[in-house]
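There are 2 protein chains.
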Amino acid sequence: MPELRKDPITSRWVIISTERGRRPHFLEMEPPHKSDGFCPFCPGNEDKTPPEVLAYRPNGGPPNSPGWSLRVVPNKFPALQIEGDLDRKGEGMYDKMRGIGAHEVIIENPDHLATISQLPEQKVEEILWAFRDRILDLKKDRRFRYILIFKNHGTAAGATLEHPHSQLIATPIVPKRVREEVDGAKEYFSYKERCIYCDIITQEREQGARLISENEDFVVIAPFAPRFPFETWILPKAHDSFYEDGQKREYVNLARSLRDTLLRIEKSLSHPPYNFIIHNTPFHENQRDSYHWHLEIMPKLTRVAGFEWGTGFYINPTPPEDSAKFMREIDLTP
Amino acid sequence: MPELRKDPITSRWVIISTERGRRPHFLEMEPPHKSDGFCPFCPGNEDKTPPEVLAYRPNGGPPNSPGWSLRVVPNKFPALQIEGDLDRKGEGMYDKMRGIGAHEVIIENPDHLATISQLPEQKVEEILWAFRDRILDLKKDRRFRYILIFKNHGTAAGATLEHPHSQLIATPIVPKRVREEVDGAKEYFSYKERCIYCDIITQEREQGARLISENEDFVVIAPFAPRFPFETWILPKAHDSFYEDGQKREYVNLARSLRDTLLRIEKSLSHPPYNFIIHNTPFHENQRDSYHWHLEIMPKLTRVAGFEWGTGFYINPTPPEDSAKFMREIDLTP
Chain A
22 MPELRKDPIT SRWVIISTER GRRPHFLEME PPHKSDGFCP FCPGNEDKTP PEVLAYRPNG
82 GPPNSPGWSL RVVPNKFPAL QIEGDLDRKG EGMYDKMRGI GAHEVIIENP DHLATISQLP
142 EQKVEEILWA FRDRILDLKK DRRFRYILIF KNHGTAAGAT LEHPHSQLIA TPIVPKRVRE
202 EVDGAKEYFS YKERCIYCDI ITQEREQGAR LISENEDFVV IAPFAPRFPF ETWILPKAHD
262 SFYEDGQKRE YVNLARSLRD TLLRIEKSLS HPPYNFIIHN TPFHENQRDS YHWHLEIMPK
322 LTRVAGFEWG TGFYINPTPP EDSAKFMREI DLTP
Chain B
22 MPELRKDPIT SRWVIISTER GRRPHFLEME PPHKSDGFCP FCPGNEDKTP PEVLAYRPNG
82 GPPNSPGWSL RVVPNKFPAL QIEGDLDRKG EGMYDKMRGI GAHEVIIENP DHLATISQLP
142 EQKVEEILWA FRDRILDLKK DRRFRYILIF KNHGTAAGAT LEHPHSQLIA TPIVPKRVRE
202 EVDGAKEYFS YKERCIYCDI ITQEREQGAR LISENEDFVV IAPFAPRFPF ETWILPKAHD
262 SFYEDGQKRE YVNLARSLRD TLLRIEKSLS HPPYNFIIHN TPFHENQRDS YHWHLEIMPK
322 LTRVAGFEWG TGFYINPTPP EDSAKFMREI DLTP
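Going down the list, the sequences are from chains A and B.
The first sequence lines up with residues 22 to 355 when you count with my numbering.
The second sequence lines up with residues 22 to 355 when you count with my numbering.
Bound-form chain A, shown alone:
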């Protein structure tokens, strides 16, 4: 059973997960499974994953059989486990609890090599619906306070399997970094009575220098203070706190924005490793006015070294005005 431990000085939580040490690739630096090897996420290998919790089967068919267009399964090497109670405890001056939570894998499509930027828009939209379906389902479990949806693409970004997939982790506490962001936005709101993200969108659309693209519902920008070269944010234009509360049309436009943006990143940087993360509002808290959900994409081109670890400052050699210009001007005609 994984254990959650709190650093007594900074209140940072750590998941001690010996289960996860059994993953095939721990402590190894080799690239992930290549397409010629065995892949547990490919159709026909449904019995090599834990039983599915969600699948889209356009032509029907029984669970855990081929014929799916998207499939969600519990992670075989979960960082957190779904059964049990938190069981908060002390150990002298330290605090810990059992590592309760959900850890799921969204297998985005049956094709081992088709990444989001190569899929048709309707297929990307399906992934976004799956994120929503899983959030709505897990939100019913009152033990959970937050759900993080993220993607590790490429070995350097932490992916251990090549088949295109995203991940979801539901946690019993609001993570520190989410808390910082939500609190920062709340503080701005209490001072200005405006959403800070709405203000950012207004300024970026006026200034234009960091604007990458926009459509009816979404705006894509390079943030003013990016941690990494080509860091990119996708924000809904209308103020909206919860990813899962969007209109049908918004998922269509988000699919369009996400696919377009990943394509621009891949063309700009010749297929870099990247992470993307959906920043959503914690459940059961009243942040509806102050927090604005969005998606952040971070290509992994630079290494995080001692200076970043020690300070929490990032050193970024690429001004966002340069990366935005570059991405705006990419020619997307095939």
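Honestly, the hints are just simulated from the structure, not real lab data.
Nothing here was measured: the structure is a model prediction, and the numbers come from that model.
Wrong hints could be hidden among the right ones.
Which copy is meant is left open, so a pair is good if it fits within one copy or across any two.
DSBU-like mimics (lysine-lysine), calculated; alpha carbons at most 35 Å apart, straight line [to be verified]: (1) LYS288 - LYS213; (2) LYS27 - LYS197; (3) LYS197 - LYS269; (4) LYS160 - LYS197; (5) LYS117 - LYS346; (6) LYS213 - LYS27; (7) LYS97 - LYS160; (8) LYS258 - LYS97; (9) LYS346 - LYS27; (10) LYS213 - LYS117; (11) LYS258 - LYS288; (12) LYS117 - LYS258; (13) LYS288 - LYS117; (14) LYS258 - LYS110; (15) LYS207 - LYS117.
With chain A fixed as given, assemble chain B onto it according to the hints.
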């Protein structure tokens, strides 16, 4: 000129440093200079670095000539620049200032291949004295609020040159992560009227499960909530806020502890990449009672992926009780 920009939501500062983009290894994933190539840090190549700011020459000799046993030079690709004023400015809703600071390289010894664990103790002590000399000198510059001393060892930990070296960065603001730690310790002190690190040392020495080694002045532990497998902290036993205020004997014993600990890490994990960072008290603040300087070593065996970026939680597959036991039992006889 580098620019410091503040993320308006989280108040995280970022250094936009186009200068640094010119480093030979940016955007490349290849290993650092190997010993058969040209090395700007080797004796005889003193003119390939900016002029030295400190050097130890046991037999004398002019500056920027061979004959040194340790040499400190400004970083050729500095993240921050030494000349000028901060010039704080707004840009609409955003805040920025000029990237003023010092960025220096401590070339630890003339031998291209002799890492700290392979040096005699007196040579390690010399490195520790150089850290102190540079802190004392830079502390006089009233623009600076903090000095971070750190080492990136191995490519995966961010080193771009192989020749053994550490780095120093002096910053005009107290970095966010330092602030969190210092404030956490202060909060504990105001509640308990005791230093949290002193309490940690007491509990760890009593429990023993996470204790790795100790000598007259220093204790080495695996922390209760480590972010990474084999994360290791070296703490002075006596309460002390400032690295630079130690007694002569303490640097001798720190050299012994550091060398011994790095040797244990290298033997445990077959020469992993690692970062170490000295956590010191910010200048010109009254934290003398509550903050306790120490050194943290983080081997880089796991990759930081989307989950860690999104939450600030770390997933660690190795309990500190296991890593401490392993390191305690390493046989150090050559």
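Verification of the hints:
In this homomeric assembly, LYS288 and LYS213 never come within 35 Å of each other (Cα to Cα): the closest approach is 39 Å inside a single copy and 56 Å across copies. Within a single copy, LYS27 and LYS197 get their C-alpha atoms as close as 11 Å, and across copies as close as 19 Å, so both meet the 35 Å cut-off. Proximity of LYS197 to LYS269 under the C-alpha cut-off of 35 Å is restricted to the intra-copy arrangement: shortest distance 31 Å within a copy versus 40 Å between copies. Taking identical chains as interchangeable, the C-alpha atoms of LYS160 and LYS197 lie at most 35 Å apart whether they share a chain (19 Å) or sit on different chains (32 Å).
Taking identical chains as interchangeable, the C-alpha atoms of LYS117 and LYS346 lie at most 35 Å apart only when they sit on different chains, with a minimum of 21 Å there against 47 Å within one chain. Both within a single protomer and between protomers do LYS213 and LYS27 lie at most 35 Å apart by alpha-carbon distance, with minima of 34 Å and 18 Å respectively. With identical chains, the CA atoms of LYS97 and LYS160 are at most 35 Å apart within one copy only, with a shortest distance of 22 Å there and 52 Å across copies. For the homomeric pair LYS258 and LYS97, neither the shortest alpha-carbon distance inside one copy (37 Å) nor that between copies (43 Å) is at most 35 Å.
Taking identical chains as interchangeable, the C-alpha atoms of LYS346 and LYS27 lie at most 35 Å apart only when they sit on different chains, with a minimum of 21 Å there against 42 Å within one chain. In this assembly of identical chains, the alpha carbons of LYS213 and LYS117 lie at most 35 Å apart only when taken from different copies (20 Å versus 38 Å within one copy). For the homomeric pair LYS258 and LYS288, the shortest alpha-carbon distance inside one copy (26 Å) is at most 35 Å, but the shortest distance between copies (54 Å) is not. Only between protomers do LYS117 and LYS258 lie at most 35 Å apart by alpha-carbon distance; the minimum there is 26 Å, versus 40 Å within a single protomer.
For the identical chains of this complex, LYS288 and LYS117 are inter-copy neighbours only, at 30 Å across copies versus 45 Å inside a copy, given an alpha-carbon limit of 35 Å. Proximity of LYS258 and LYS110 under a CA criterion of 35 Å is satisfied inter-copy only: 28 Å between copies versus 44 Å inside one chain copy. Taking the shortest Cα distances, LYS207 and LYS117 sit within 35 Å of each other both inside one copy (28 Å) and across copies (22 Å).
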